[in-house]
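There are 2 protein chains.
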Amino acid sequence: MRYKCIIEYDGTNYYGYQRQPERVSIQEVFENALKIICKEDVKSFASGRTDAHVHAKGQVLHFDSDINMKPESWKKALNSLLPEDIHIKSIEGISDDFHARFSVKSKEYRYFINIGDYDVFFNNYTAYFKDLDIDKMKEAIKYFIGTHDFTTFSRFVEKKDTTRTITDAYIIEHGRFLEITFIGDGFLKYMVRIMVGTLIDIGLHKKKPEDINHLFEAKNRRLTGRTASPNGLYLWKVNY
Amino acid sequence: MRYKCIIEYDGTNYYGYQRQPERVSIQEVFENALKIICKEDVKSFASGRTDAHVHAKGQVLHFDSDINMKPESWKKALNSLLPEDIHIKSIEGISDDFHARFSVKSKEYRYFINIGDYDVFFNNYTAYFKDLDIDKMKEAIKYFIGTHDFTTFSRFVEKKDTTRTITDAYIIEHGRFLEITFIGDGFLKYMVRIMVGTLIDIGLHKKKPEDINHLFEAKNRRLTGRTASPNGLYLWKVNY
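First to last, the sequence lines map onto chains A and B. Under my numbering, residues 462 to 701 are what the first sequence spells out, in order. Under my numbering, residues 462 to 701 are what the second sequence spells out, in order.
By construction, these hints were calculated from the structure, which means they are not laboratory data. Please note that the accuracy of each hint is not assured.
It does not matter which identical chain is meant; a pair holds if it fits inside one copy or across any two.
[Unchecked claim] Here are the simulated lysine-lysine pairs, DSS-like style, with alpha carbons at most 27 Å apart:
#1 K518 / K591
#2 K591 / K537
#3 K669 / K537
#4 K531 / K591
#5 K536 / K698
#6 K465 / K591
Isolated chain A, as found in the complex:
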């Protein structure tokens, strides 16, 4: 039986989603909980990695198990074993055709910036910038929409195909918070944080909105500017 989980985590204390030696990851903590229930190692598959200290409101993963338990019981059992900063929001039985990574249709990331007074309580959960020109940022973000080669907006060549499609991108002001949303078919390593970093530079009048087109054309990772900090970034939703 295959199970699909929607999982939420506060990434502050974790070195990213993916299991790695000597540093605590979400995957390791999740699979440790799974192992206690299943009494054997069970592999889980997520929609993709998130970087160190990045958060998730709606990461999706799947795993297979023959244990005869209702989804609601799986949820209770897992949540009782998980630490307070990782939480299963929902769990459901799903067809074997489903794969948390390969079945992804689109992903939504959101990035939050505190543009009001500095506040210690938002520090792990938002970036902090003053005097951003929000109108310029709203003008600039439209340049990212569409199908582009995102080489300039990624950190390492990990994939040969650096073309991605962003179907929507917009900025909303919620009082003291700026919420920046990107929806697309896939995102390269650091891509959201580099796009946000570029928007911040534009908000600070260090770049212009139309510079984004030149950066796309250059296809040059050396022109990559600011990478926004991980604490403001949330994997918000994965669509299948």
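For this one, chain A is given, so just place chain B on it according to the hints.
Showing chain B alone in chain A's frame:
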């Protein structure tokens, strides 16, 4: 010259305000920053302690220094040396008559409970309870207002005088959050957390509002019920 500071901190990673051996405190971190500026040990005096993992929106402290710097420069210098979870909100020169602890007229504490869905991002900053009878809690909190012997609502006999006056106490619902406010001339150790714990028991129908009067009369610490967790508690404001 005496300086009065209003200081905000996220208590998650600290073992309380007061300096103690081998465990990191707000006071130690603040005085370390002060020492770098003053090039000597300088003692600071706060309005009172806060317990491990308790937060402050408006803790007040004072210190003396002969260094000739404007308050705004003190603020910048200290904030540049303090970690991101401790922040000086304001600093002003003040008369030598002022003492952060002995001049206190009243203090305001607030306690936050998430009564909506569990959310990992609120975990360090709110308690979490479902199905609380809020009307009963609102009825109950009024019993705390006035001058009482708070023996039953404190943890240790540290002061001979256990009489305190609560001038106002009320509960406000903000969407998914319950905000419980206590304003009074002083609070015994764990007093706010024990009062909130009692309100939670009343919200869960384990106690009745009128039980508070019996608990006051009993003056018996063994009858102290639930102590609410520190993560929901904020020293909100100190009045002089």
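* Asked: At most 27 Å between C-alpha atoms: does K591 with K537 qualify within a copy, between copies, both, or neither?
  -> between (43 Å within a copy, 15 Å between copies)
* Within a copy, between copies, both or neither: where do K518 and K591 come within 27 Å Cα-Cα? -> For K518 and K591, the Cα distance is within 27 Å both inside one copy (26 Å) and across copies (21 Å).
* Asked: When no copy is specified for K465 and K591, does a C-alpha distance of 27 Å or less occur within a copy, between copies, both, or neither?
  -> Close across copies (26 Å), not inside one copy (41 Å); limit 27 Å.
* To do: Have a look at K536 and K698 and pick one of within, between, both or neither, based on CA distance no larger than 27 Å.
  => The answer is within: 19 Å in one copy meets 27 Å, while 41 Å across copies does not.
* Indicate which option fits the pair K669, K537 if close means a Cα-Cα distance not exceeding 27 Å: within, between, both or neither. => neither (50 Å within a copy, 31 Å between copies)
* **K531 and K591: within-copy, between-copy, both or neither at 27 Å Cα** => Intra 49 Å, inter 23 Å, cutoff 27 Å: inter-copy only.
In this structure, only the earlier hint numbered 3 is contradicted, and the remaining ones agree with it.
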